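Protein chains: 2
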Amino acid sequence: MASSLISRRFALSLQTNLWLSAPGCRYVSKAAPKTQLEYDYDGPSMKTSVPGPRSQALTKQLGEIQNNLPFKPEMDSVTLVRSTSSVTMRRAEGTTWWTWTTTACWMSTLRSRPSQLSTLVNRPALGILPPENFPDKLTESLLSVSPSGMTRVQTMACGSCSNENAYKAMFIWYRNKERGHNMPSDEDVSTCMINKAPGCPDLSILSFNGGFHGRTMGCLATTHSKAIHKLDVPSFDWPMAPFPRLQYPLEEFTRENAQEEARCLEETEDVIVKWRQKGNPVAGIVIEPIQAEGGDNHASPDFFKGLRNIARKHGCAFHVDEVQTGGGATGKYWAHEHWGMDDPADIVSFSKKLLTGGYYHKDELQADKPYRIFNTWMGDPSKNLLLAEVLNVIRRENLLEEVTRSGKALLNGLYDLQAQYPGILSRARGQGTFCAIDICDDATRNSILLKARDKGVLLGGCGDRSIRFRPALIFKEYHVHIFLNIFNDVLAEHK
Amino acid sequence: MASSLISRRFALSLQTNLWLSAPGCRYVSKAAPKTQLEYDYDGPSMKTSVPGPRSQALTKQLGEIQNNLPFKPEMDSVTLVRSTSSVTMRRAEGTTWWTWTTTACWMSTLRSRPSQLSTLVNRPALGILPPENFPDKLTESLLSVSPSGMTRVQTMACGSCSNENAYKAMFIWYRNKERGHNMPSDEDVSTCMINKAPGCPDLSILSFNGGFHGRTMGCLATTHSKAIHKLDVPSFDWPMAPFPRLQYPLEEFTRENAQEEARCLEETEDVIVKWRQKGNPVAGIVIEPIQAEGGDNHASPDFFKGLRNIARKHGCAFHVDEVQTGGGATGKYWAHEHWGMDDPADIVSFSKKLLTGGYYHKDELQADKPYRIFNTWMGDPSKNLLLAEVLNVIRRENLLEEVTRSGKALLNGLYDLQAQYPGILSRARGQGTFCAIDICDDATRNSILLKARDKGVLLGGCGDRSIRFRPALIFKEYHVHIFLNIFNDVLAEHK
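Read top to bottom, the protein sequences are chains A and B. Residues 1 to 495 (my numbering) are what the first sequence spells out, left to right. Residues 1001 to 1495 (my numbering) are what the second sequence spells out, left to right.
These are computed hints drawn from the structure, not numbers from a lab. Since this is a predicted model, take the numbers as computed values, not measurements. Glycine included, C-beta positions come from ideal geometry on N, C-alpha and C. Please note that a few of the clues may not be correct.
Taking beta-carbon pairs under 10 Å as the criterion, some of the chain A residues facing chain B (in silico) [said to hold, decoys possible]: (1) N165; (2) F171; (3) M193; (4) I205; (5) N209; (6) S235; (7) V271; (8) V273; (9) G279; (10) G357; (11) I424.
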């Protein structure tokens, strides 16, 4: 393995690539800096075959306790590794990994130890007994990165809970709007107790083909990415609209893509009308700024502006699900900032990189009575503490600028590789480091994922045949070039 | 205020009640020990009126960020207090509180500082990248208190997520049983993507009138305690059966209660047959061992045994929801242990006192493929760490025995007060310290809750007109007597 030959501290020249002595085609990134760089080598370093013996033993041990199937197919060797202070890697039996699937890179930037241990070891009922520093911590953390037009935030325990409660907030808002006031009738009250309309009304959330919004039952009714998530679980009769299927690079297919987006907007409006006519009106529209789980599908700012207008026109709340895209990977805290709108949404939900689940909302989406949007924990204040620290590091180290720079290098590198391996790669796309590329077929994709893993780079798939890149925010441009070299090695083996 | 006259360290005689110098009728608990006791006084101690100025300022501050309505009605003065090392109390502006609503007494016993800070400041994707010590921590914590017949546990972020995923596990199990194998048809796969049967089948979960199982959309369809939880949220056409409405004390109404339970079992079976006939068969039955949110409604071990048999007979999974009852408050780790059954359930869900959400399940309820029961975080390993420490303290200090002893003293005290104030109190009931009593009407209940709060005791309501008692596990018998005296003062003001 190339990287195992490398000492921990190493003077690196990307131009000569002396440091990578492995055989095979050597890719030299065009975006590489022209000057010599000196830094600690912190690329992957393999100490065992994959999975190593310790990982196998731990995987077996966990398998006796719970379902260990999800991490078996390609990740079992890193399922049980300890995180280190160097947050771009994980170690098992001495191996140094790069986790490039860090949509979940929660602690990607936390380097200092929070002093407030009491917050870490307590679990208050936030809905009724939040700790004294809770408003301050919300202000330092989530509120310091509020989306445009939103000053209110509700924390929740995970992404699914966030979306479930966001949907509830939209239903409550819609019904109060229908009533013209917030006093339910006796019939509302009595029928809701037995799950019947009008108390439990026939209302729907419109979602998009290929979208992913979580796996609890309300969320699942809006998830349409893969059958494995939905199979055998009862669902709601809620409408699904087409998400644009664009051609990449976007700037080369402006006209075609605009047509495709216009078609999708038109169909969305038709669906809203149809569902209203059949007595199941759309209370809210939920959409990801980039469909992640569904295959890293992008749409233009114009598409989202059009959709926002359709929501307004038909009286539907507009919910932007930033559970995957939020937190900086696109080069902005929120992917929807790229749309350049003052009033982008009524609700923005988040989780993952934000370390806590929750959603921002406009004032009118606040539930009108206690206990309507509620649960016992409503998040976890220790995570706000961690998030505040993460945001400090992001600001201090200008990580959003780093992401923009690294993302550009990554996407350019993917374009180059795509030109070099046209039989394998296509449709390179991305915003910031939130990038993806399509592989010719599913079998080749899986083989590439395994080979990259064996070289210490953990990549993930999305959609039918895409590979998604989700590096941590502290991934620098030079990491990109290390990666592109390794990826090139992997691809060369498939040529 | 009586208690404000008392110094922190005080030689207390419960018999003479010298320590309480307030005027008014003085209740002397019959269960009080006959010997003199010497200990630190750690009852409530009020420093300000309620709510105090600091609490008001913080409540206002939080109200500008999010919905602060839930804690307004009766608890706004304690919403923002810091927890202390003495876990039975909370302090705001110098006031010492007793929180007697600690169904949520998560850190009720944690006194030592966990050394593993890395677990506390990291947030791994447990489903794919659990930390190396995760199996060990599960073994030390949750698995060390597994319900009978269950060796598998799946952690989740909160109680609602736990039940949502437990329902999904039951649906998946039921459909595979219907199929006779676990290979979905092409029609299953294609229809589930658009929320239609047979992929998203017409299956139901049977729940009980008065039950509470959470507030996400799947859970809500099984919650029938209060309209405020359900109003305006679309739901499923799922069956509801009657929960026995027993007379207390249980031992005085054996015959009447047995009849009531037989009626409920018969009706449950009728509902199962009816829902099967209308094409929406019951895949699972969910029930609380004591209906908590719905009003602390008890049922006998015979009732639950009968229900378990009905579930078996009709091929339904049997899910015992111990989110409120689990964790020791009934004098056993799990309330269902009081039934004395070897095979009490197929699924047992938990949260709150267990510090992490999740559910235990029998082997056959394990999903057959990866990503069917899954989310990104799937709980939080730091909470297992805390739970392991809590369980150590419970064992070391024999807290379950303490709870049994304190619970007996509490219930006997409530019986006495009920005899003393027959116009106000009725239906005292409980198991361990998981006790409740009914108040003559809702207005009197609310007045009692407020007056108790002003004396530093935070009680909570449940059902239409009950007060529920949920002290921490370290509440000792002498705490009970301090409480009964204060409660007696409150009641005397309502006579």
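Checklist line | Hint check against the structure, violated hint numbers in rising order | finding: 7, 8, 9 and 11
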